[in-house]
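Novice: Sequence:
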Amino acid sequence: MGVKQFQQIIAQCFLSNYVSSDKLGQPISSQFESPTISIADNLRKLNAAFLICMGGKGSKSFRSAFEFLNLYCADEEIEAVRSLYATGLSLMEKEIEEVAERDSEFEATLINISNKINKEGARLESTKDVATLWEVFFPEGARLCGPKEEMVRELREKRKVKIQRINPKPIENPLQEILFTTNILLTVPLADNPADLHCVPQGLVGPVLQARHSTQSYWYDHPIPIGIPPEKNELVYGLEALNDAVDFEKKFRGAPESAKLRCLLSVSVTHDALKNLAKPLIMEIIRSAGNLEHLDIFLWTETDTEALARNVLAPGVRRCLGYDAESDLRAVIGVNGEYGRHYSFLRAISALWKVCCGPELRGTFKIDLDQVFPQEQLVEETGRSAFDHFLSPLWGADGVDSNGERVHLGMIAGALVNYEDASRSVFVPDVRYPEQPPMADEVIFFSWLPQAVSTEAEMMTRYGTGEFGSDTCIQRIHVTGGMCGILIDALRKYRPFTPTFVARAEDQAYIMSVLFEAYDGYLRYLHKDGLIMRHDKEAFAREAIEKAWAGKFAGDLARTLVFSYYARALPWGVERVKEQMDPFTGCFVSRIPITVTYLRLALRSAWLFGQGKGDQAEELLETAAAKLNPILQHIMSSKRPFRGDFEREKAAWDLYYDVIDHVEEGLRRDEPWAQAFCDEVRALVDSTKVA
Numbered sequence: 001m002g003v004k005q006f007q008q009i010i011a012q013c014f015l016s017n018y019v020s021s022d023k024l025g026q027p028i029s030s031q032f033e034s035p036t037i038s039i040a041d042n043l044r045k046l047n048a049a050f051l052i053c054m055g056g057k058g059s060k061s062f063r064s065a066f067e068f069l070n071l072y073c074a075d076e077e078i079e080a081v082r083s084l085y086a087t088g089l090s091l092m093e094k095e096i097e098e099v100a101e102r103d104s105e106f107e108a109t110l111i112n113i114s115n116k117i118n119k120e121g122a123r124l125e126s127t128k129d130v131a132t133l134w135e136v137f138f139p140e141g142a143r144l145c146g147p148k149e150e151m152v153r154e155l156r157e158k159r160k161v162k163i164q165r166i167n168p169k170p171i172e173n174p175l176q177e178i179l180f181t182t183n184i185l186l187t188v189p190l191a192d193n194p195a196d197l198h199c200v201p202q203g204l205v206g207p208v209l210q211a212r213h214s215t216q217s218y219w220y221d222h223p224i225p226i227g228i229p230p231e232k233n234e235l236v237y238g239l240e241a242l243n244d245a246v247d248f249e250k251k252f253r254g255a256p257e258s259a260k261l262r263c264l265l266s267v268s269v270t271h272d273a274l275k276n277l278a279k280p281l282i283m284e285i286i287r288s289a290g291n292l293e294h295l296d297i298f299l300w301t302e303t304d305t306e307a308l309a310r311n312v313l314a315p316g317v318r319r320c321l322g323y324d325a326e327s328d329l330r331a332v333i334g335v336n337g338e339y340g341r342h343y344s345f346l347r348a349i350s351a352l353w354k355v356c357c358g359p360e361l362r363g364t365f366k367i368d369l370d371q372v373f374p375q376e377q378l379v380e381e382t383g384r385s386a387f388d389h390f391l392s393p394l395w396g397a398d399g400v401d402s403n404g405e406r407v408h409l410g411m412i413a414g415a416l417v418n419y420e421d422a423s424r425s426v427f428v429p430d431v432r433y434p435e436q437p438p439m440a441d442e443v444i445f446f447s448w449l450p451q452a453v454s455t456e457a458e459m460m461t462r463y464g465t466g467e468f469g470s471d472t473c474i475q476r477i478h479v480t481g482g483m484c485g486i487l488i489d490a491l492r493k494y495r496p497f498t499p500t501f502v503a504r505a506e507d508q509a510y511i512m513s514v515l516f517e518a519y520d521g522y523l524r525y526l527h528k529d530g531l532i533m534r535h536d537k538e539a540f541a542r543e544a545i546e547k548a549w550a551g552k553f554a555g556d557l558a559r560t561l562v563f564s565y566y567a568r569a570l571p572w573g574v575e576r577v578k579e580q581m582d583p584f585t586g587c588f589v590s591r592i593p594i595t596v597t598y599l600r601l602a603l604r605s606a607w608l609f610g611q612g613k614g615d616q617a618e619e620l621l622e623t624a625a626a627k628l629n630p631i632l633q634h635i636m637s638s639k640r641p642f643r644g645d646f647e648r649e650k651a652a653w654d655l656y657y658d659v660i661d662h663v664e665e666g667l668r669r670d671e672p673w674a675q676a677f678c679d680e681v682r683a684l685v686d687s688t689k690v691a
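Its first residue numbered 1, the sequence shown is counted upward by one per residue in this note's numbering.
Just so you know, not all the hints are guaranteed correct.
Straight-line C-alpha distance at most 25 Å; calculated DSS-like pairs for lysine-lysine [unchecked claim]:
hint	residue 1	residue 2
1	169	116
2	94	57
3	279	547
4	160	493
5	493	552
6	158	148
7	493	650
8	260	275
9	162	493
10	250	260
11	116	60
12	275	547
13	148	128
14	60	128
15	613	250
16	689	275
17	57	4
18	4	94
19	689	279
20	232	552
21	4	162
22	148	160
23	4	232
24	232	547
25	116	128
26	116	94
27	260	547
28	613	547
29	279	537
30	116	4
31	148	57
32	689	94
33	639	650
34	60	4
35	275	552
36	60	94
37	639	613
38	169	232
39	537	552
40	169	260
No wet-lab data here; the hints were simulated from the structure.
Make a model of the complete structure from these sequences and hints.
Specialist: The structure is reproduced here in structure tokens:
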């Protein structure tokens, strides 16, 4: 039960010539029947065949579409997409059938929407029309179609925290007490011409150009292409801006003249061939920057994290806990790989740093290098500089949430303002309400809407007015990875991490690992009003962003699969997890994630083909096949996808923090082995410092 109704919905909404022409630019039947000459033509026909087969046997083209979809192709790129789609048909039918069988509400929704569309026709002209379809595929969006102000008010009420105890010892000297971190995403050059390579040592030109033709392993939103001019390089841009922000603190906010901000940079590469080239390349780029006199920069590559796990942590585990854990530690401690891997490392390293290198350290905060602190504007509009905002006694406070549950605000999150909006105010949401009706795959999944509601409700809340003040604040679920931090005491107590299988929204996945670990209250993010960075990526990195669009969209598809199954792998039940994380973060936890993922890919590709953008559709399909096939294989081969991965990684991180606890106790007792351990850590940290 359910598959028939699903097929009827697909046929009525996407296979009728009128609707598909309006939403996709060209009827699916035409996309299937048009001649095939090039690779893009064959992919267009494959994509159309998949959609036709999804609509069931009622289509006159079903038989020929089904045969084409199951016809092996010798071309590797086409075959990867064909295999993805051929597998998808059976996976989707199985998913729809199983969910309808166990979820009577979903089954009733399928039947009702199918009957309504059969009776009234498929109209997808307005957001209200599309919301009917969302009831099946995207109920989070359907629930947000009421008045904007009401939606924002309800979410703020849900996120409200009543403070019971402020932090008795808040941050006092951010430059000394906070380890700032950021990640560099590095990819191959945009072209093969050596003359176009800036900041590449002569001896590395050949290996760099060879790497351009090697296999890509990871996809990031907008990695830095090797060889771009310094004025377009976000590493140069971000470090110079951070240095300027510290300079402002010294000149106008009383920061000690001798103080330097410690900034740890990790380097992640898209191609494995870049692993051993990354450090000298980044060093050369940093040399091209201006005077960074206010920063102490530490540069960590996969080679450095391997040394940490192999030479320091693994011996520590053997000494303190009595067994060999090198492979377990190396699996989680690193900076190459999906976003989750470097994100967890950048948080976790501060705990080790505090015990072995800098006891004055009390927190860590991650920024992105395409963001800047607009210091003068922050002082003018908020009364505080960027670093003043870290002094809030609410960071580290305890309170009670809207459900009456105790929470600990051991984490902190700020907000962003877009470059083009900053001249108006720093309090302009960086994601605004959509003004146009949904198109293409947006009629199935439109995260822009809950993201806009969440941005307004969570990120734009200001204290000191109305009901929010010294004893009431907002907790954050929706955070941005380049604007949040954690106190080291909370880090060591709760031990949160983002699993290495998380490739997008690693910042929002981080809290999921400990979402309902109680201790002295659930760990939560404090929303710090006025802690805002200006997002300048469009101002200087447009070329890199445009280059990475396909990887970003494919990553968004993977996010639905990963978040949906990850939430089911957690020990608290998917319903409880989703209720806490809705509407934005939770909308990626779908009851039919495989179906939503495939539909989004097929509809976006059909829209690109319909717009005459076959080259973009080809790039998207090939990227998605490379990205999604391994995830789907994991899902199909596991009884509880990601459950074992999560438990293994949690155990490995427990080893990491257990060793730190043992070392700290050993130092208290003046035990030589603990001092020797810290000597090893300090030597490794010193080796990563950029002169």
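Novice: Would you check the hint for residue 60 and residue 128, treating anything up to 25 Å between C-alpha atoms as holding?
Specialist: 31 Å, violated
Novice: Decide if the proposed pair is consistent with the structure: residue 116 and residue 128, CA atoms, cutoff 25 Å inclusive.
Specialist: This hinted pair holds, its Cα atoms lying about 14 Å apart.
Novice: Take a quick look at whether residue 148 and residue 160 sit within 25 Å of each other, Cα to Cα.
Specialist: Satisfied, since the Cα-Cα distance of roughly 18 Å is no more than 25 Å.
Novice: Hinted pair, alpha-carbon criterion (25 Å max): residue 279, residue 547. Please report holds or violated.
Specialist: 23 Å, holds
Novice: Hint check: residue 4 vs residue 232, CA-CA at most 25 Å. Holds or violated?
Specialist: 52 Å, violated
Novice: Take a quick look at whether residue 4 and residue 162 sit within 25 Å of each other, Cα to Cα.
Specialist: The given pair, whose Cα atoms are some 49 Å apart, is violated under the 25 Å limit.
Novice: Please verify whether residue 148 and residue 128 have alpha carbons no more than 25 Å apart.
Specialist: 14 Å, holds
Novice: For residue 94 and residue 57, compute the direct alpha-carbon distance and say whether it is at most 25 Å.
Specialist: 17 Å, holds
Novice: Check whether the Cα positions of residue 160 and residue 493 lie no farther apart than 25 Å.
Specialist: 24 Å, holds
Novice: Given the hinted pair residue 275 and residue 552, is their alpha-carbon gap at most 25 Å?
Specialist: Distance of about 22 Å is within 25 Å: holds.
Novice: Would the pair residue 116 and residue 4 pass a check requiring their Cα atoms to be no farther apart than 25 Å?
Specialist: 14 Å, holds
Novice: Straight-line Cα separation of residue 613 and residue 250 no greater than 25 Å?
Specialist: Violated. Residue 613 to residue 250 sits at ~52 Å, over the 25 Å cutoff.
Going down the numbered hints, you'll see the structure goes against 1, 5, 8, 14, 15, 21, 23, 27, 31, 32, 37 and 38, while the others check out.
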